[in-house]
Every structure is written in C-alpha cells, then in structure tokens.
Amino acid sequence: MGCILTKVCLDEDLLMLGDTAPYENQQDEPATQQSRRLSRAKATLLVVEPSDVSGLQKSTPEKKKKKSTDSDTEPLANLLVYGGGVPGVALDDDRVELPEFTSVREGGYRSRNGRLQWGTRSRAGNDPLRRRKENQDALCVCDALAGDPDATFFSVFDGHGPQGAFVSHFVREHYHRAAAEAYAELIPRASHSNGNGASVSTRKASVTCDVVSEIFQQAARTVVGELEASAIDVKVSGTTAVAMLVRKTDVFIANLGDSRAVVARFSDEQQRYELHCETKDHKPDVPEECARIERNNGRVFEWGSYRVWLQDVDMPGLAMSRSFGDSVAKTVGVTAEPDVTTMEKLKLSSLDKKNGEKPPAFAVLASDGIWEFMTTDECIDFVSTCIIDSGMSPQEICTALVEEAIDRWDAEEDVIDDITAAVVFF
1 MGCILTKVCL
11 DEDLLMLGDT
21 APYENQQDEP
31 ATQQSRRLSR
41 AKATLLVVEP
51 SDVSGLQKST
61 PEKKKKKSTD
71 SDTEPLANLL
81 VYGGGVPGVA
91 LDDDRVELPE
101 FTSVREGGYR
111 SRNGRLQWGT
121 RSRAGNDPLR
131 RRKENQDALC
141 VCDALAGDPD
151 ATFFSVFDGH
161 GPQGAFVSHF
171 VREHYHRAAA
181 EAYAELIPRA
191 SHSNGNGASV
201 STRKASVTCD
211 VVSEIFQQAA
221 RTVVGELEAS
231 AIDVKVSGTT
241 AVAMLVRKTD
251 VFIANLGDSR
261 AVVARFSDEQ
271 QRYELHCETK
281 DHKPDVPEEC
291 ARIERNNGRV
301 FEWGSYRVWL
311 QDVDMPGLAM
321 SRSFGDSVAK
331 TVGVTAEPDV
341 TTMEKLKLSS
351 LDKKNGEKPP
361 AFAVLASDGI
371 WEFMTTDECI
381 DFVSTCIIDS
391 GMSPQEICTA
401 LVEEAIDRWD
411 AEEDVIDDIT
421 AAVVFF
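Under the numbering used here, the first residue of the sequence shown carries the number 1, and numbering increases by one thereafter.
Hints may be right or wrong, so weigh each one.
No more than 35 Å apart at the CA atoms, straight line, and that leaves these computed lysine-lysine pairs for DSBU-like [as the list claims (entries may be wrong)]:
(1) 330 - 283
(2) 248 - 358
(3) 280 - 330
(4) 248 - 280
(5) 358 - 280
(6) 358 - 330
Hints are computed from structural coordinates only; laboratory data are not their basis.
Using the sequences plus the hints, can you model the full thing?
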C-alpha cells in the first residue's frame, strides 16, 4: 500500500511528505494502452486455463537434440489460476464478493499429481470513509510448472503506491513465467550419476537447495528487467512477493517484503499443528536490512512505522526494505533479491487419502492484510481448529481466515487493508 500526505491516506506502506509531481510513464506507451494490456479477462480476474508451457522451456538447437526415449516426457499443460482486483477500479458492495474478483472457487483446487489441495481468496479493503477501494493485491497459482507434473508454484503479491495495482498484477503474470523458464533451464543441469555412469535427470531426484535458490533469484532478476522496461511508473510504486514451489516432497519459499508464508506440521504428540517454518518480514528496522540501507546512503526512521528515506529528502517513506519496483528506494539500498527458505522431505498426503483425513501439513501464504492483526501462532491455531474440529476444506478455511482478518481490522481501525491468502494442504 502507499500514501501521500496531500491526499486521503489509504495506504501505509509508502509515505511521502509534501507535494508530488504528476507521475510520468517511463516508456512511450500511453497509460490507456497500459490498461488495455492488463485486460480484465487475463490480468485481473480469476483465470483457470490450460496453458502450454512448452514455449517457456529453453529451446535446444536441432543438432543437440537427443532421440526420445521411454523416460522422456512431453511438457504438460499447466493449471493457471489468477486472482486479485481490477487496477484502477473500486468495486461496490454488490460486486466485491463475486467469485471473479475474490478468486474463490467452490471446492478449491487439486494439483495434477493429486497430492496438493488449495483454496484462495482476495478481497479489496475500505478507505477511512468505509468506501471500497482499488484492490492492489494479486495472486497466482501455476500447477505443473514448466511441464513438470510434480511442481506447483504459488505466489501472493501486495502492491503499494500510485501504480501499486498495476505493479502487483504485472509481477503476478511475469513471475511464474520467469520461474518456469529458470526451472526448465536449471533443473536438467542438476543431474547425478546412477552408479553405472549414466546421467539421470533430477526430475526423478531431489533438487539441491542451491539450484532452487538460483531459480528464484534468476526469476526475480528477469522480472526486475521486464518491469523496468514496461510502461508502468515504478518510481514510488512497487509490490511485495511471497512464492512457494512444491516439488515432490520438497518445499521452497522465496519472499520480498512483508507478505508472509508459514508452514505447519501435525504433531502426533500434541494432536495439533505446530509451526515448522515461516518467512522473515523484510522491514527497515531489521538490523541487517537497516545496515544495508545506511551503507547505501539511505535513512531509516519511524513515522508511524519504520520507513526508508533518501538522505536529504523526506521520500519515499517505504515501509519495507525489499520489493519489486520502487526505483527511488532502490537508490538507497532497497533490493529485489528474495530470501529463499528450504524444507526438504516434507511429508505429503498419500494419493489414496480418504475424504476428511487430516493433511500432515499445511501452508498459508498471505499479504499483510492477514498479518497486521494476527500473529503466525494465531494463524496456525485458527487453521488447526478449522481442520481438526470442523473438517473444513482449504477453500473454506481460506474464506474463514480472510473473514477473521476483516473482523480484526474492524475492531482496531477505521480502514481495512486489501487481504489476500492461499491455504495449501500437503
């Protein structure tokens, strides 16, 4: 979110003191064309579409192509789920809960390999006058990433600043594609010997942490370049990102900013779900984040919350230390380099799992609309109760979690932030 003091403050992630000049497009493309590119059907609403990802994989020159063998498989079409609001459009109460704007699907979703179930929900917030506002959040789920039926990619984004909705939706569309390209390029390189001297593709083996970390890093660099080359003005606009790649029994999470992912596992001893892993929010007051900003001639001081400022100018007032976009803040140490967290050999559901059987683990990916008034432990307890006591599905839990967050915002503030979440059963 973002805020300019000369206007009604709807957004706490970005704060600039004083007046601001009109924002100019960085490229020649007019804003109207930019809006058309981010069409309602593809860029802003729930989209479930089979998408041929073969074009995302690096092509191999003809002379280097191998003859196909029984172990070779053709890339599979992927299930692609987009969710989020409509950039530049504030929905009224009659439309804001429609499935095409919330990304809610009755019954939720199941991965191609049958091991994952998930539900999603995105909801626009309210301004101080209780009016609906533009939803700057976005989400994307890509199953069968790069044609691998055992790879599923989840991502949630929280935009901020004048162009925050356009940035979050742009990154939503480009991040999973960049990750698929990096996956298709790097996974085949990571091979091992099967003992007879033959090379075996790691599609059939565990992938090292370093390889997947490079996939996330390479994808982030690609998105940064594409965003800079776009028509979107990112001087004081940007987005957070939290992404999770589930590949076989390994789980990898990358994050930028204060959108968060948590993973909990069921404890046979406690008969409850307990925290297994969570991402670290990138805030300017975190010592290592603050040190990097100060090394780059930036300032960190508190104005409502700790924010990033230029040395001699009271801007941009960014309330996070890592993000996509935010080119002004990038000059003083804000970075788009994600942190990557790895969980290897996480127990997943069996393929013959019966309906109603508890999942061995779950994950929640969400924008800070969830986390502002709910701690990680409270979130885990909430989801745990929904599973154990009520036998709720991921979609039902996701909807209930967002409603709980709305109630907490109502109790604490005269505004409600945009709220987006994905709940995944392993």
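Against the structure, the hints:
{"no.": "1", "hint": "330 - 283", "in the structure": "14 Å, holds"}
{"no.": "2", "hint": "248 - 358", "in the structure": "19 Å, holds"}
{"no.": "3", "hint": "280 - 330", "in the structure": "20 Å, holds"}
{"no.": "4", "hint": "248 - 280", "in the structure": "24 Å, holds"}
{"no.": "5", "hint": "358 - 280", "in the structure": "27 Å, holds"}
{"no.": "6", "hint": "358 - 330", "in the structure": "44 Å, violated"}
Going through the hint list in order, the structure does not satisfy hint 6, though it satisfies all others.
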